[in-house]
Every structure is written in C-alpha cells, then in structure tokens.
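Visitor: These are the residues of each chain, in order.
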Amino acid sequence: AQSVSQHNHHVILSEAASLELGCNYSYGGTVNLFWYVQYPGQHLQLLLKYFSGDPLVKGIKGFEAEFIKSKFSFNLRKPSVQWSDTAEYFCAVRGGATNKLIFGTGTLLAVQP
Amino acid sequence: GAVVSQHPSWVICKSGTSVKIECRSLDFQATTMFWYRQFPKQSLMLMATSNEGSKATYEQGVEKDKFLINHASLTLSTLTVTSAHPEDSSFYICSARGGGDGGYTFGSGTRLTVV
Chain A
1 AQSVSQHNHH VILSEAASLE LGCNYSYGGT VNLFWYVQYP GQHLQLLLKY
51 FSGDPLVKGI KGFEAEFIKS KFSFNLRKPS VQWSDTAEYF CAVRGGATNK
101 LIFGTGTLLA VQP
Chain B
1 GAVVSQHPSW VICKSGTSVK IECRSLDFQA TTMFWYRQFP KQSLMLMATS
51 NEGSKATYEQ GVEKDKFLIN HASLTLSTLT VTSAHPEDSS FYICSARGGG
101 DGGYTFGSGT RLTVV
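Chains as they are written, first to last, in the numbering used here: chain A, 1 to 113; chain B, 1 to 115.
Isolated chain A, as found in the complex:
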C-alpha cells in the first residue's frame, strides 16, 4: 500500500528565507505526486503535480518540487517565502492504477514578516 511521510510538522521562517519541505513516499511502482496548500479557512488548492517527464516541476506562486526516484522523494521548494505563504502544505501520492490519493501528515508553515 502506498504511504506518504512529511518530516517537518511545523516550520517557522522569516520573509525572504528559502523553503524546503520534505516528502517521502512508499510505493514500488509508478506514482503521481502532488503538493497541495490549504490557507486558513480555505479548501485545498493544487500547487503542482508530477506525472512523468522532467523531474523538476514548477507550480504556482513560485513553488517548485523535484522528484528523485532513487530517494522516493518529492520535496517542495521556494527560494524566497512571503508572509502570504503561511498555510498548511500537504504532499500526496497516487500509486499505480489506483485512483486513490493518499496524503502526508502536512506541514504547517508560518512566515514571520
């Protein structure tokens, strides 16, 4: 069965700092990988996704993620965070032929102005 782990549960950064959130998955076959963001009081929004091709994926709002197959990782990065990036970030994986999307535990990011 597929699973996802996010190592950072709570991250606090100052504005303009660089961000990297870890995501590792467990699944032996082909995977689709996603990062979602949930702003306070709002629904989940897709930041970016990886299906195939270039392992470096660029998403909205300056976020990017790199799929490293050998490490089963899909870390999220942003070179310079803003106060408005304060939110909870979820990594998710869909494995093989299944339609099910499995989420990691989430990382709460707080950006201090």
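Only true hints are included.
When the alpha-carbon atoms are kept at most 30 Å apart in a straight line, the in silico BS3-like pairs for lysine-lysine are as follows: (1) 100/A - 49/A; (2) 100/A - 66/B; (3) 100/A - 41/B; (4) 20/B - 66/B; (5) 64/B - 20/B; (6) 69/A - 58/A; (7) 100/A - 58/A; (8) 64/B - 100/A; (9) 69/A - 100/A; (10) 66/B - 41/B; (11) 20/B - 41/B; (12) 20/B - 100/A; (13) 41/B - 49/A; (14) 69/A - 49/A; (15) 55/B - 100/A; (16) 14/B - 66/B; (17) 61/A - 41/B; (18) 66/B - 55/B; (19) 55/B - 14/B; (20) 58/A - 71/A; (21) 61/A - 49/A; (22) 100/A - 71/A; (23) 58/A - 41/B; (24) 41/B - 64/B; (25) 61/A - 100/A; (26) 41/B - 71/A; (27) 14/B - 41/B.
Partner residues aside, some chain B positions facing chain A, computed with beta carbon under 7 Å: (28) 32; (29) 43; (30) 44; (31) 97; (32) 103; (33) 104; (34) 106; (35) 108; (36) 109.
Non-contacting residues of chain B with respect to chain A, defined by C-beta distances greater than 12 Å in every case (computed): (37) 8; (38) 11; (39) 13; (40) 17.
For the record, the hints were derived by calculation from the structure and aren't laboratory data. Quick caveat: nothing in here was measured; it's all calculated off a predicted structure. We put the beta carbon where it would ideally sit given N, CA and C, even for glycine.
Assemble chain B onto chain A, guided by the hints.
Guide: Just chain B, lined up with the frame of chain A:
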C-alpha cells in the same frame, strides 16, 4: 477550471440524528469521488471511494453502515453520517478526479459538530 461544490459548509446536529453532506462537480463529470476526514491539526484520511452507479469502496476501519455514500449521478455524491455521535465531529472533505488534467479538485469541506 474544475470546481467541486460541497454543501453544507458547516452543520451542528444532535447526537443520534443523521446528517447528509453533498458533493457536486459543477463543470465536469466525475465517475469517481472521494471522501476524506480531517481531524484538527492532522492530515486528510481517506474514508471511501465513491463510484457512480455502484457501491462505494471503504478504507479499512471505516464503518460503511455509519458513513453511507451514494453516487447517484456523474455530478453528485452524498455522504450521510448516520446516528451521529460527538466522536463523529470532524471536518469532512470531498474530492473528484476530473476536469481534464488528471488532477483532483477538492470541495471546501463540511465542519460537522455533533452535540
């Protein structure tokens, strides 16, 4: 883009009563929808996969008789929490796969409080 509407956004009910939550895909057809439960400060836990025209597939540990799912059309899935108890209080979120890009679109969630 693809939009999923979830209703109601919040509901308070008495213990022992049943509550129905609706999830609609507004501009695309969704043969499959998903129901998640999110506890405070925790992740989304997949409860079940709702399949249009057939029975839902429940995840291990989810009581199918308590959480009734009906997917009667290509744009509507409903989750009914039957005989609700305070421990059923949670944030319920639906999602649908569709809209053309292979991604998933999420509803805005329903905050259920059972008193």
